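Let the sequences and hints guide you as you build the complete structure.
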Amino acid sequence: MAFMPILYVAHALDAPSHEWMRRMLHGLGSDVAMVATNSPARTLAGVSFAVRVIAAPPLVHRAANRLGLLKRSPWEHYQSNAMRRLVARRDVTCVLVHFLTIAVTYSEAWASCDKPVIVHCHGYDVTWDLRRYDGVPEHSTDYVERVLALPNNVRFIANSLETRGRLRHIGIADERIHVKYLGVPVPECPRLHHKQDECTILYVGRLVDCKAPDLVIQAFELACRRGLRGRLIVAGDGMLRVTCDLLRARSPYRDRIDILGAVDASVVGRLLSQADIFTAHNCRGAITNQEEAFGVSIVEAMGAGLPVVSGRSGSLPEIIQSGQEGILVEPGDVDAHAEALLRLAASPEVRNRMGRNGWQRARSMFSIEHEIEALRSILSLQKPRSQPSAVGDPAGAAPSPQRPDFTR
Numbered sequence: 030m031a032f033m034p035i036l037y038v039a040h041a042l043d044a045p046s047h048e049w050m051r052r053m054l055h056g057l058g059s060d061v062a063m064v065a066t067n068s069p070a071r072t073l074a075g076v077s078f079a080v081r082v083i084a085a086p087p088l089v090h091r092a093a094n095r096l097g098l099l100k101r102s103p104w105e106h107y108q109s110n111a112m113r114r115l116v117a118r119r120d121v122t123c124v125l126v127h128f129l130t131i132a133v134t135y136s137e138a139w140a141s142c143d144k145p146v147i148v149h150c151h152g153y154d155v156t157w158d159l160r161r162y163d164g165v166p167e168h169s170t171d172y173v174e175r176v177l178a179l180p181n182n183v184r185f186i187a188n189s190l191e192t193r194g195r196l197r198h199i200g201i202a203d204e205r206i207h208v209k210y211l212g213v214p215v216p217e218c219p220r221l222h223h224k225q226d227e228c229t230i231l232y233v234g235r236l237v238d239c240k241a242p243d244l245v246i247q248a249f250e251l252a253c254r255r256g257l258r259g260r261l262i263v264a265g266d267g268m269l270r271v272t273c274d275l276l277r278a279r280s281p282y283r284d285r286i287d288i289l290g291a292v293d294a295s296v297v298g299r300l301l302s303q304a305d306i307f308t309a310h311n312c313r314g315a316i317t318n319q320e321e322a323f324g325v326s327i328v329e330a331m332g333a334g335l336p337v338v339s340g341r342s343g344s345l346p347e348i349i350q351s352g353q354e355g356i357l358v359e360p361g362d363v364d365a366h367a368e369a370l371l372r373l374a375a376s377p378e379v380r381n382r383m384g385r386n387g388w389q390r391a392r393s394m395f396s397i398e399h400e401i402e403a404l405r406s407i408l409s410l411q412k413p414r415s416q417p418s419a420v421g422d423p424a425g426a427a428p429s430p431q432r433p434d435f436t437r
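Numbering (the numbering used here), first residue to last: 30 to 437.
FYI, nobody ran anything at the bench for these hints, they're computed from the structure. Computed from a prediction, not measured in an experiment: that's the story for all the values here. Keep in mind that the hints are not guaranteed to be accurate.
Simulated restraints, written as ranges between beta carbons of each label pair [stated by the list, open to error]:
id: 1; residue 1: Gly164; residue 2: Lys224; range: 23 to 29 angstroms
id: 2; residue 1: Arg114; residue 2: Ala278; range: 50 to 56 angstroms
id: 3; residue 1: Ala44; residue 2: Pro180; range: 26 to 32 angstroms
id: 4; residue 1: Pro180; residue 2: Asp274; range: 25 to 31 angstroms
id: 5; residue 1: Arg254; residue 2: Pro346; range: 26 to 32 angstroms
id: 6; residue 1: Gln353; residue 2: Glu137; range: 46 to 52 angstroms
id: 7; residue 1: Ser393; residue 2: Arg119; range: 22 to 28 angstroms
C-beta: ideal position from N, C-alpha, C; glycine also.
This is the structure we're talking about:
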């Protein structure tokens with residue numbers, strides 16, 4: 030391949046929710062020359078390639094930059110100089126950067142090199158009007174302007190058609206965008222569902238407003254009132270943890286709700302093997318404005334042969350065909366969510382049909398093997414055999430030239 034080996038730029042490698050990042054690194058294997066990260070990672074202990082840590086700026090610098098008080102942080106200049114030295118190494122011929130927010134930080138380094146830089150976008154980094162839970166904008170006031178100013182040697186990977194649409198929306202040209210789904214482990218054959226009595230319903234993911242674990246708990250409670258026999262397991266952590274704990278404490282079905290906190294990949298695998306239904310309630314975050322850009326945990330559940338119940342939001346209609354691999358409800362419709370849980374819990378036949386459909390879809394579209402093959406093609410700048418496309422969304426459609434609508 031023409032542009033190997035790779036400088037792999039990945040912050041927060043040890044984060045429980047970044048298992049996809051570690052899978053990608055493992056899949057690229059010996060094609061990785063070096064990893065650049067922001068803190069020492071246990072994940073990288075004993076690896077064969079070099080690891081370089083570029084420290085993140087102090088909190089005061091990040092806050093001032095977010096509020097627009099610093100047009101250009103001196104710390105970013107230091108970071109770009111450190112990255113420039115890594116990119117200039119002879120054993121690096123291509124750069125893969127996770128998150129657009131990180132790529133913007135190192136923009137000076139990309140502008141000073143003639144090597145291809147591929148930026149993998151994931152969701153929050155292309156939510157242009159993203160807000161924190163205190164209402165403060167997450168991105169700096171000139172964030173979109175800085176994204177558009179990235180040099181021509183920078184290309185973008187969108188993790189879904191939804192993400193591609195957000196890049197197009199601010200004026201990124203189609204020829205600079207590749208669509209590549211994230212990959213998950215998919216077993217050789219799907220599981221069979223036999224239970225007709227008590228079902229285990231599983232939520233795995235960050236406890237954030239765009240995944241709405243609070244609405245999941247409410248839907249489960251409503252389903253229990255209507256006769257559902259079973260348990261709800263919530264695995265994950267985040268800003269809505271206290272909300273979820275409070276809902277559980279106040280629920281008459283509290284003894285059937287378990288909130289585990291953050292768990293690692295091995296625990297997730299065990300939970301998936303024991304569950305009968307996977308659920309979330311994807312929606313546009315009421316506080317953050319974020320929507321699901323891909324949904325790794327949902328695809329993992331499909332790969333495990335579980336039917337999925339969630340909200341019709343973001344990339345979910347792209348991943349799940351409602352009625353085939355699961356049931357999508359209108360965001361905020363807790364009643365419909367409860368009815369979907371009841372329908373699946375009552376019928377192992379429906380769970381088997383949807384679970385097998387989900388397994389087949391994961392195997393054909395979302396396997397690790399498919400992802401790494403597509404990624405190698407992108408990094409070598411060879412045209413992929415095919416690109417995902419949406420109905421009524423021709424690949425050659427011109428991006429919208431107007432400024433982004435931050436009320437969307």
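Problem set entry | Violations among the numbered hints, reported as their numbers in ascending order | Hints 1, 4 and 7 not satisfied by this model.
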